[in-house]
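Sequences and hints are given; from them, build the entire structure.
If you count by this note's numbering, then the sequence shown holds residues 153 to 386, one letter each, in order.
Fair warning: there could be bad hints in the mix.
Calculated pairs, EDC-like style, for lysine to aspartate or glutamate (alpha carbon to alpha carbon, straight line, at most 20 Å) [to be verified]: (1) LYS233 to ASP220; (2) LYS253 to ASP160; (3) LYS261 to GLU166; (4) LYS261 to ASP244.
Hint data in this document are derived by calculation from the structure and do not stem from the laboratory.
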Amino acid sequence: MRVLFVEDELRLREALCRGLGEEGHEAVGAATGTEGLQLALQQRFDVIVCDILLPGVNGFQLVRQLRDRAVWTPVLMLSAKDGEWDEAEALDAGADGYLTKPFSYVVLKAHLRALARRGSKGGTAPGREVLRSGDLMLDLRARRCARGGTDIELSQREFSILAELLARRGEAVAKEELMRKVWGADFAGDPNIVEVYIGYLRKKVDAPFDRHSIETVRGYGYRLAAAEDEAVHG
153 MRVLFVEDEL RLREALCRGL GEEGHEAVGA ATGTEGLQLA LQQRFDVIVC DILLPGVNGF
213 QLVRQLRDRA VWTPVLMLSA KDGEWDEAEA LDAGADGYLT KPFSYVVLKA HLRALARRGS
273 KGGTAPGREV LRSGDLMLDL RARRCARGGT DIELSQREFS ILAELLARRG EAVAKEELMR
333 KVWGADFAGD PNIVEVYIGY LRKKVDAPFD RHSIETVRGY GYRLAAAEDE AVHG
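Given below as structure tokens:
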């Protein structure tokens, strides 16, 4: 089991990582929400354990941004507050479980095992694990893309952009919205980066199959054409 602990309390973070490591699991620690978010987007984990009160991005924001970017890794939220409102907000944000501090290590491990089992069975985001449009398929859980049965290798950001377009196929999606969801609200780089990645996607998802499914909506953004509206040549 590979676990990401996003926790700013150094002793707790190190103790949890050390304990799981001694039992043969792989544990990665992050001291801030910003660091944890980047790790969760760039690497694969079976479970993410995340405190609510964190420097930078807080726990609620972290899990919302993961779900917005089609990352469905199970998340266990930790909190020093024993209140129903925090628990309700955590679950509404997209967390899969909630545990109040202080907690028993035995209970924590039981939560991790349960969430890892749920993740391996594709239990998160029911009905949304696989997105399709015609012969184009995106498996959110397995992080797999294929067209007509042919696998297509995508980067993390290419995958996230395509997931957003597929989930809203036939609908125009603003360039600014794609930037916010894929690069984050704090991204201060060149806004033309979205166009660059759309170009990458077209070369991988459309061009080799003689398709034109990713359309530009001038002055606004992009749209994935519904399967019956795709331009097919040849």
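Open item on the list: When the structure is checked against the list of hints, which entries are broken? Sort them ascending.
Closed with: Hints 1, 4 are the ones this structure does not satisfy, whereas the remaining hints hold.
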